[in-house]
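Chains as they are written, first to last, in our numbering: chain A, 3 to 153; chain B, 75 to 737; chain C, 13 to 337.
Everything labelled a hint here was simulated from the structure, so no lab data went into it.
Backbone N, C-alpha and C fix where the C-beta goes; we use that ideal spot for every residue, glycine too.
Check each hint, because a few of them may be wrong.
Stated by the list, open to error - Take a look, some chain A residues computed to stay more than 12 Å from chain B by CB distance: (1) 107; (2) 137; (3) 139.
Said to hold, decoys possible - Once the Cα atoms are required to be at most 20 Å apart in a straight line, the calculated EDC-like pairs of lysine to aspartate or glutamate come out as: (4) 131(C) with 118(C); (5) 329(C) with 109(A); (6) 736(B) with 12(A).
Chain by chain, the residues run as shown.
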Amino acid sequence: MQEVSTEKKEFVPNIVAFCCNWCSYAGADLAGSSRLSYPANVKIIRVPCSCRVNPTFVLKAFQQGADGVILCGCHPGDCHYVTGNYYTRRRMALLFSFLNYMGIEKERTRVEWVSAAEGARFSAVMNDFVKTVTALGENKRLTDLRVKEGE
Amino acid sequence: MQRIGVFICWCGSNISATVDVVKVAEIMKSEPGVVYSANYQYMCSENGQQLIKQAIKEHNLTGIVIGSCSPRMHEATFRKAAEAAGLNPYMVEVANIREHCSWIHKDMDEATEKAVILVRTAIAKVKLNAPLMAGESPVAKRALVIGGGIAGIQAALDIADAGFEVDIVEKNATIGGRMAQLDKTFPTLDCSACILTPKMVDCAQHEKIDILSYSEVEEVKGFVGNFSVKIRRKARFVDETKCTGCKLCMEKCPSKKGLNEFNMGLNTRPAIYIPFAQAIPNVAVIDPTQCIKMKTGKCGICQKFCGVGAIDYEQKDSFIERQYGAIVVATGFKPIELTAFNEYGYEENKDVITSLELERLMNAAGPTGGVLLRPSDNEHPKIITFIQCVGSRDTSGCGKPYCSKICCMYTAKHAMLIREKYPDTQVNVFYIDVRTPGKNYDEFFRRAVEQYGVNYIKGMVGKVYNENGKLMVQGSNLIDNEQVTIESDLVVLAAAIEPEPSVRKVATLLTASIDTNNFLTESHAKLRPVESPTAGVYLAGVCQGPKDIPETVSQASACAAKVIGLLVKDKLKTNPCVATPDENMCNGCSQCANVCAYGAITYVDKEFRLGGGKTEIRRVASVNPAVCQGCGACTVTCPSGAMDLKGFSSKQIMSEVEAICKK
Amino acid sequence: MKDVEMKMLERAKQLLESGEVARVIGWKKGEFFYDPTPASFETVDELKDFVYDWFCGANLSKYLIQMSKKEGKTAVFLKPCDTYSFNQLVKEHRIKRENVYVIAVECLAKLNIEAIKEKTDGIVKSVDVEDKDVKVVTTNGEYTLYKPEVVLSKCAVCNKTHQAKDEEIILHERPERDVNRFEEVEKLEAMTEDERFAFWKGQLSKCIRCNACRNVCPACSCVKCVFDNPHSGIAAKANDSEFEEQLFHVIRAFHVAGRCTDCGECSRVCPQHIPLHLLNRKFIKDIDGLYGEFQAGETDEGKTPLTSYTEGDIEPKDVFNGEAK
Chain A
3 MQEVSTEKKE FVPNIVAFCC NWCSYAGADL AGSSRLSYPA NVKIIRVPCS CRVNPTFVLK
63 AFQQGADGVI LCGCHPGDCH YVTGNYYTRR RMALLFSFLN YMGIEKERTR VEWVSAAEGA
123 RFSAVMNDFV KTVTALGENK RLTDLRVKEG E
Chain B
75 MQRIGVFICW CGSNISATVD VVKVAEIMKS EPGVVYSANY QYMCSENGQQ LIKQAIKEHN
135 LTGIVIGSCS PRMHEATFRK AAEAAGLNPY MVEVANIREH CSWIHKDMDE ATEKAVILVR
195 TAIAKVKLNA PLMAGESPVA KRALVIGGGI AGIQAALDIA DAGFEVDIVE KNATIGGRMA
255 QLDKTFPTLD CSACILTPKM VDCAQHEKID ILSYSEVEEV KGFVGNFSVK IRRKARFVDE
315 TKCTGCKLCM EKCPSKKGLN EFNMGLNTRP AIYIPFAQAI PNVAVIDPTQ CIKMKTGKCG
375 ICQKFCGVGA IDYEQKDSFI ERQYGAIVVA TGFKPIELTA FNEYGYEENK DVITSLELER
435 LMNAAGPTGG VLLRPSDNEH PKIITFIQCV GSRDTSGCGK PYCSKICCMY TAKHAMLIRE
495 KYPDTQVNVF YIDVRTPGKN YDEFFRRAVE QYGVNYIKGM VGKVYNENGK LMVQGSNLID
555 NEQVTIESDL VVLAAAIEPE PSVRKVATLL TASIDTNNFL TESHAKLRPV ESPTAGVYLA
615 GVCQGPKDIP ETVSQASACA AKVIGLLVKD KLKTNPCVAT PDENMCNGCS QCANVCAYGA
675 ITYVDKEFRL GGGKTEIRRV ASVNPAVCQG CGACTVTCPS GAMDLKGFSS KQIMSEVEAI
735 CKK
Chain C
13 MKDVEMKMLE RAKQLLESGE VARVIGWKKG EFFYDPTPAS FETVDELKDF VYDWFCGANL
73 SKYLIQMSKK EGKTAVFLKP CDTYSFNQLV KEHRIKRENV YVIAVECLAK LNIEAIKEKT
133 DGIVKSVDVE DKDVKVVTTN GEYTLYKPEV VLSKCAVCNK THQAKDEEII LHERPERDVN
193 RFEEVEKLEA MTEDERFAFW KGQLSKCIRC NACRNVCPAC SCVKCVFDNP HSGIAAKAND
253 SEFEEQLFHV IRAFHVAGRC TDCGECSRVC PQHIPLHLLN RKFIKDIDGL YGEFQAGETD
313 EGKTPLTSYT EGDIEPKDVF NGEAK
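Construct the complete structure from the given sequences, taking the supplied hints into account.
This is the structure in structure tokens:
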């Protein structure tokens, strides 16, 4: 199953991070102002709330070549919009479990709660996620799980 | 045709030290749709903004992207600049190349490459931006204050003095709250009633204030500027408009076994009563659980004696509905229940009391007429031991993890007052730490120790037990490193305080968030400490966190300032980044309304043309833009994608995803 | 079954003749005896083609979205499983309940003609059912098949009972059974990621995007499908993106999660025989396990698991740590 790459070039995964404006995006800002680094291959998309993240966004990211997708929101109970992240939690728990059921590596998807005060945590989470996805290698499955006629 | 302008900020060396800003600006010149790209040392400066304004005008820009610090920092600045140049402020996107790029990466090439991608992503988004207009909603020029303690009283007075109508809804029969129960106040030791009751009277006499005592908020609809609140006026069985407060009924009432709530249950009161002498309104209320007439149908003595015919045993709860522009929550606190703290023997020993009970025992209007007598035998206690932090700073799960903040000071006050009045009394205080930050607070505490000779013992109390009719307090003395047992006549527990439990219902009605300790959450711990995240809802007093009277009054006045600032406006601008349904695709399935925390979504039947001259009536969603907060929960719930969010549309986010992932 | 059909026909006639209803939704004879199709009958005369037999597997509830908007009442025959879809559509305000007259009809499982053909030789001429025996006559001879082996996959694990009715026609009670509808899902879960990926890749590569699953699904009844919605960011014109093709089934399953009643129509109609119900059933199983048992369509009101929450809900990462209930 494992294809051994003959290329020596180190694999750098492409990571899309959806961050809610009120907690996690601010947490990322704090990581920045505290100069707490994490790899440059993490790119953040600002959304008002984690509950704005549609599963189609996650899938689109994978389809376009992302190797990992992470959603960050306020800690449950602290949602700026009162209940938004509770819905996120259910949606993503089910979606990620389902993707794994289809054979997608469970380590490629993640949900983390990061508050505006947790700059250090934001950086740590991103470092860890990049490490995990790097170990997994390139995302091939989600782009491959397509309908191909006459396979 | 899109004409996008790109502006890359150096932020001095903050960005330019790790991002090759000149190169980024240069690369952007060849991006499709980009007609102008520049870099500048400080985009947010007056000159930088001028550069943006000029470029918008000279190049007829339809959208701009600023590569700079976090949009949380200067998005508003750049939007204003765009607007000043005639560009819709929502045609602005900020690429965060400082906090999310230059500050966290060290390698110039890597950071520059990332900055390019981030700016491209913002360009991809801005191309799909649409001009948005902030809507307007009217403001009802009346405020609601929930809770009639000192916080509510102060907020109401300040708002009313500014000329706005205020209603105080108080669930008890009188306003005054906890402060009315206090004997003296720290650090000045003035009599609590002497400073509170004039304010209560001011409220009653203020032409702009309507006191709705013995009432509770039942239902809240609407939103900032336009709340519609249903208030339950509980039946007090006494006509408020007729009762003169003569108290003859209290005298004549044959049922006198009801526990006196005002005196913390230390004595009894009649079934018909006025909570205390200075109550506002000075109107009686009947406790139906004690009233003989209401329990057995026989009695009616109060009705017979009431000279003005105010008694009405048949009275029912009634409801009023009013419109408010702003709401102040000031629901206050109560001491925690001590059932989980058996070690202090509170339940078993009458002479183990709480500090609030001690307040009543020392008060001239209290059950002992102000003479300190212990509850068990009405003797003067000669040795009194105070125990601090009962349920505060408790991580065991029995109590509260937070510091109740007021206990150190009121205990010093109690100790001092007792030593002053009864110099032959020995006063001991077990404490973990003494916390006295505040103007004249530490001086006050030191006076208790140095001038009044209060015996402070650093250490926790293990247990309080009864030995041969004597209370024994066993604890540790950490300074002398020894176990001590102190024989005491009276033990006073500084019970932790917690938010008044009714706050939960209020929070739910207002969709105001609440923390794990039931304190209402402020919008920002430092910068918006009196605002709830729910627009138009403000927080005063202990409902937001433990605090003493001066702090509570400050917060109440701050709330009032916020409320006045809101009510003085005729119209409010609303956030234009709200959800909006495409009616042609809406199923009317109600799933979006199910996840809306604000009740912003309703449904209407609309007629649609089907072609061929046929029409069809369909149920479709309708979003109230003044209520919608723009979270987007509904957009994901909608299976057809009919619901979208302005400013963060599915297509915009998808385009960002694509721009990031493109290799 | 014939006696049930007679009774149904009789009621349909009465309802149309009396004018109580303007139309009756049921099944009519198809090209072959084993392919009855859903139909609307507006006159007694039209009822001559009415049929209710062992092959009437189609779920009629979805037709009511349009029919209940028409003038006059619509009577409909619903099997137990169909009533869940019906309730779900009423809950979502898609069916006007007051315009529908529901006749609950008995169902002792429906047969899968493909399975019968597979187990017999020759052209199938007739099929009869006696208790657990399915007697098949083909051009090559006579066969007796074991009924549980030739029922529709949705019927094999069905234990559903009528959840909505204005009247019922039940002449034979179905015995209670002990079935585990999650058995196949569990088998897949027990596989490795690689094996599961291989399985689904093999299955989904058969998809020809004919949209039969979408068209038949009572939960997939959007006025406009998200895949046809130009604002969704996933609607694709022919050569724009392969996304639509690739992830159609993931999104479809997610969109019906918490709303899918497990009626099994998707698998029944799939011309490529992709076990699509195993996608939906995974969501159902997860929902049951993580948030407490929930059967969509059991009632016609209330929230679904994805439009509700509890403060103590499981964290997404813990779903994989075996911490699920």
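Against the structure, the hints come out as follows:
No beta-carbon of chain B is positioned within 12 Å of the beta-carbon of residue 107(A); the least distance is around 18 Å. Consistency note on residue 137(A): stated as away from chain B, and its beta-carbon is indeed over 12 Å from all of that chain's, at 20 Å minimum. The Cβ of residue 139(A) lies farther than 12 Å from every Cβ of chain B, with a closest approach of about 16 Å, so its non-interface assignment holds. For the proposed pair residue 131(C) and residue 118(C), the alpha carbon gap of about 27 Å is over 20 Å, so the pair is violated.
Distance check on the hinted pair: residue 329(C) and residue 109(A) sit about 9 Å apart at the alpha-carbon level, within 20 Å; holds. This hinted pair checks out: residue 736(B) and residue 12(A) have alpha carbons roughly 19 Å apart, not beyond 20 Å.
Violated hints amount to a single one, hint 4; each of the other numbered hints is respected by the structure.
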